[in-house]
Amino acid sequence: GLLAAPAFAGDTADELEDRFGGLDYEPVMDVPDRDVRTRVNKFRVETEDGRHRFGIRGRLMTDFAYVDDNYKTTDDERADRGDLAKYGTIIRRARLGALGIMYDNWEWQLEVDFRDDEIRFANAYMAYLFDSGRLAVGHFKEPFSLESSTSSRRISFIERAAPVDAYRPSRQIGIMYETLVPNWYGAFGVFGGDGVARDRDVTEGFSVAARASFAPFMDQQNRVWSHLGASANYRANAYEYERSRGRDREYESVRMRTRLGTRAVDGRLIGENDMENVEDYTTFALEAAAGFGPFSLQGEYIRQRLSRDEDSRDFVDPDTTTMTHDGYYVQASYFLTGESRNYRAFSGDFGATRILRPVSEGGRGGWELLARYATADSYEHHEPDDRQSIDHYTLGLNWYPEQDIVLKFNAMYVNAERGEDQINGDSKKWDSWVYAMRFQFEF
Amino acid sequence: GLLAAPAFAGDTADELEDRFGGLDYEPVMDVPDRDVRTRVNKFRVETEDGRHRFGIRGRLMTDFAYVDDNYKTTDDERADRGDLAKYGTIIRRARLGALGIMYDNWEWQLEVDFRDDEIRFANAYMAYLFDSGRLAVGHFKEPFSLESSTSSRRISFIERAAPVDAYRPSRQIGIMYETLVPNWYGAFGVFGGDGVARDRDVTEGFSVAARASFAPFMDQQNRVWSHLGASANYRANAYEYERSRGRDREYESVRMRTRLGTRAVDGRLIGENDMENVEDYTTFALEAAAGFGPFSLQGEYIRQRLSRDEDSRDFVDPDTTTMTHDGYYVQASYFLTGESRNYRAFSGDFGATRILRPVSEGGRGGWELLARYATADSYEHHEPDDRQSIDHYTLGLNWYPEQDIVLKFNAMYVNAERGEDQINGDSKKWDSWVYAMRFQFEF
Amino acid sequence: GLLAAPAFAGDTADELEDRFGGLDYEPVMDVPDRDVRTRVNKFRVETEDGRHRFGIRGRLMTDFAYVDDNYKTTDDERADRGDLAKYGTIIRRARLGALGIMYDNWEWQLEVDFRDDEIRFANAYMAYLFDSGRLAVGHFKEPFSLESSTSSRRISFIERAAPVDAYRPSRQIGIMYETLVPNWYGAFGVFGGDGVARDRDVTEGFSVAARASFAPFMDQQNRVWSHLGASANYRANAYEYERSRGRDREYESVRMRTRLGTRAVDGRLIGENDMENVEDYTTFALEAAAGFGPFSLQGEYIRQRLSRDEDSRDFVDPDTTTMTHDGYYVQASYFLTGESRNYRAFSGDFGATRILRPVSEGGRGGWELLARYATADSYEHHEPDDRQSIDHYTLGLNWYPEQDIVLKFNAMYVNAERGEDQINGDSKKWDSWVYAMRFQFEF
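Chains as they are written, first to last, in the working numbering: chain A, 3 to 445; chain B, 3 to 445; chain C, 3 to 445.
In case anyone wonders, no lab produced these hints; they're calculated from the structure.
Wrong hints could be hidden among the right ones.
Heads up, the list lumps identical chains together, so a pair's fine if it works in one copy or across two of them.
Below, computed lysine to aspartate or glutamate pairings styled on EDC-like, alpha-carbon distance capped at 16 Å [what the hints assert, rightly or not]: (1) K88 / E242; (2) K88 / D250; (3) K88 / E252; (4) K88 / E254; (5) K88 / D203; (6) K88 / D201.
With the rest of the complex left out, here is chain A:
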């Protein structure tokens, strides 16, 4: 019955319980009088002894974009196709969840993303905290790349750089150990695949993922920091296997996609088509970043190699048994109002920038100028000779009126190309300007 609610045997009885003769079902159980501390903004409660904590968290990102391309997009390989929307609005992320610590060492999160018709889990895990590390089980990001590891609330531009966006792994169900030490970071995990929405005939594949980084020099007094890191990710692709159709495996499609630098207009400049017959693939990232007061630089190189299985069902093209993708980006940030990016050597990523003079304290908030060049190249994407490449230039301006609120403007010049023959001019090209805005807050 409805009474099938959690008993919590440690609590003493109260009047309602007394009324029902000590029936210990949750809705009528009392709240014992303990010392509890409460924070309002980013709501948290914790016991005085620090053994238990609970909080609610969320974020909302609302985007607008306008594409100035005179209807000449090229994300469809057919000559006369591919018209995109001219402008668009989107709720890019709308997350709501809970998090906490129980019994000193058990840390957890359960956060859901409602951004569109589909439900997506964000973090949904429990981790045991050791003295210098943590072991997590559940649904979370595979450890990979500086930009991918950094929270979407902390990235500088509206979207992550094109090669990271295209080739980085998703969140998956898995188990991972990561370090909790001051000056360097290491993580190792094993992950399943597509555990949330599944086809029951499909063996889902798995990945083995590792990332390590450290800070070659670091001077917190002078706000000088640096970062070097490397990541590697091997994934065995999911497959189906039906005796009735022969002994060969039929692999799931693999998608490596990036868009315009905004999702408010959905142009798929790389990865409009999925890749077939992929047996497994390995992705590497090399990471570097450095900061000097209000100025910082960040860059990564990403390389991916996919192997196709010649024995898989419907495999047609013996010439293309491996495919290679790569790309890199470099970006610069300068805080006009004197803030510094909050590099965290212990997790190899960026935390929230501390805004020095927020509007609510009579200041002008934080202002950040940004520039980025990103390029991604799929030498052969989903079929032989279908190369897809993109050069993506961005100028950005961020305004942080308060600690937890950001307004972002990105002006982007996008130069993309795809087609069978790069030399004879049979490829399709698109160069155009894209303007995007984001209004973001977290709680």
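Model the placement of chains B and C on the given structure of chain A, informed by the hints.
What follows is chains B and C alone, placed relative to chain A:
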């Protein structure tokens, strides 16, 4: 990694942080000892200085309906079709969300509706509070009509009156300014369209929306109030545009639908079919209401004019380039137990009625008697000569055992008509009784 | 407008309200200074007078399974079909919700399950608390069976026993009264069907459900307890009824399905196909259980009889107007670390076992050894002569490191059969081992 959690630089270190050498990642961060006030029912916490607030909110509406029509519904134009369910149950709204104020002036909500397989956002925005107004960005109602602006928790009947239900705009992503002054209300906004679930080839259209209202006379001492208001909404329809299929626009379908006065049985008396080739449309509302102690009256007239684009793809009928819909309703409410409706001149809508003698204080709760007549007429709905009209009579009885709990009963007589020729008798008619109940609470 | 937020007339004004001239819209309303008690782990707040309570709750269950069957599954009746995934991961349940009591006697919950693409409500109801019972309206479990009534957080194995899993009713929208007395339990309810995701032409059917149980002997001092119970459930099936296609009813498909004892790999050993033309069906359960300190036994017998309507549309087989399913299970539990199962006579189910020496207090947590035999038999399942049966043996080991955290291991031997002729050997058989793990926590 999982450490990519929000840093909150203002907090001091605690034992867990100390344990990890001051690593400032959220789950291990402490809750500082500040003065916080807490409310349990409609859970809220706020700092003593009032700068920050946080709360959780939600509502649940469970409906049941029975249709006494001997299987003679007419929401399908084919002569022998259109049988509806005889009875049904439905979770009409199930919302859960968070809301708050941060840094004095930044107010926000993030609320999700789980009522069926689809996820829908309710309010999901942030607004800056000025001294006499607020500027909001995000997903919320376009300002339109007294009944549409009133929360679903505050409307008198189970569903809004037929013409409001049929012709009012949806919630959309947009930007809006509205006044915060005592005796009148004005709002102006610009909105995108269908930003949550989208087709990437579709340019989503936009709307410009305005509403104004004031209280011609008002005597709070004697519980006398009045309301006059007007709304206007222009919407440019979404379209697709593919070079390969010619230069003409292909417009998205437009839906203007109302049902039986309940959703527990889904009869689509107006708007079973969508309208095609609509370029844009304008909708107006005239609003009036008045209250004298426990008695109140409310009525609105709504008119909508749609323009079809003769140059759009698949446009076939040159005779029907414009279509007109209109309708009105009048409704009366009388509180047998002496309460008054809570008219709010500052927002041009209704707040929660204060229940005088709730059951938990030994009373009988609040009892409200209701009557409504509503009519809606689509002179030509989705194709030439397809007129659709409805006369909808409702008797209602509401019981509010407590402030936040309502039980509603509606007995409805529905007289609907649709068909090519109203004169020669080729139209289909349906007259029938519908009985509906709702159990509703909010938290 | 956005101001259509809940007024809460009882509160006094604060500075923000003052700023806006006493405008009583929610986001700017203050939190009065009342005495409130707060619990952090399983977050709750309540007023000192106990009239109001509020809490947030949730659970996360992450599963992994491996099937050792050499590709010989048999959940498809075609000879060469039915290959399942070899292994899989899944978020089995991810629930987040709120619960509370308002005005002393009104208890409510609103909890949503995000486990996959679909949204499912868990409990979503309000109940009025009488002195020795409660009347609930909303969405909750139909009262049926000891194992079905026990929360998924409290069951011993990863999944409920096969016959319970196959034949138990779902959560539905309904109204139910259940007792709140110390030593026995009774519940009676009426429920609709499929009120959340519906076809508007379908009259949804209804059920009448009852359950009763008591404790023949009970000695809490010596941790000895016993349980006897019985449940009955009659359901009239949903149907469609279109004049244009004749006067006969077309019934909705009925699904009675069980899987491998895990959902991480989805093998449908009973109920791969749905049943057609079912007019109504009745399901019975007989329940028994007993505990002696750390040792306990539990078993149930379930029988279901379905009647097919010979007059329904597309009814083809006059020989099979009734179908019978039945099954039973017995299971034993032994706590190596001395705990006892928390039997609750007042609700006829199991609450949380109190862990004696959790890891956080220097102990080894709770360790529980389990064994279960379950069998289910559909003598004729979805068509004449298609018998489906399963024998399901499970060995289990549970580790509870803390009160609210469980790690489960199940090793299962599954022996399933289906086919037209059991004697001549035309049936398909499958016997195989399945290994499954779960990591579960609640908050």
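For this session: Identify every previously stated hint that the structure contradicts and give their numbers, smallest first.
Result: none
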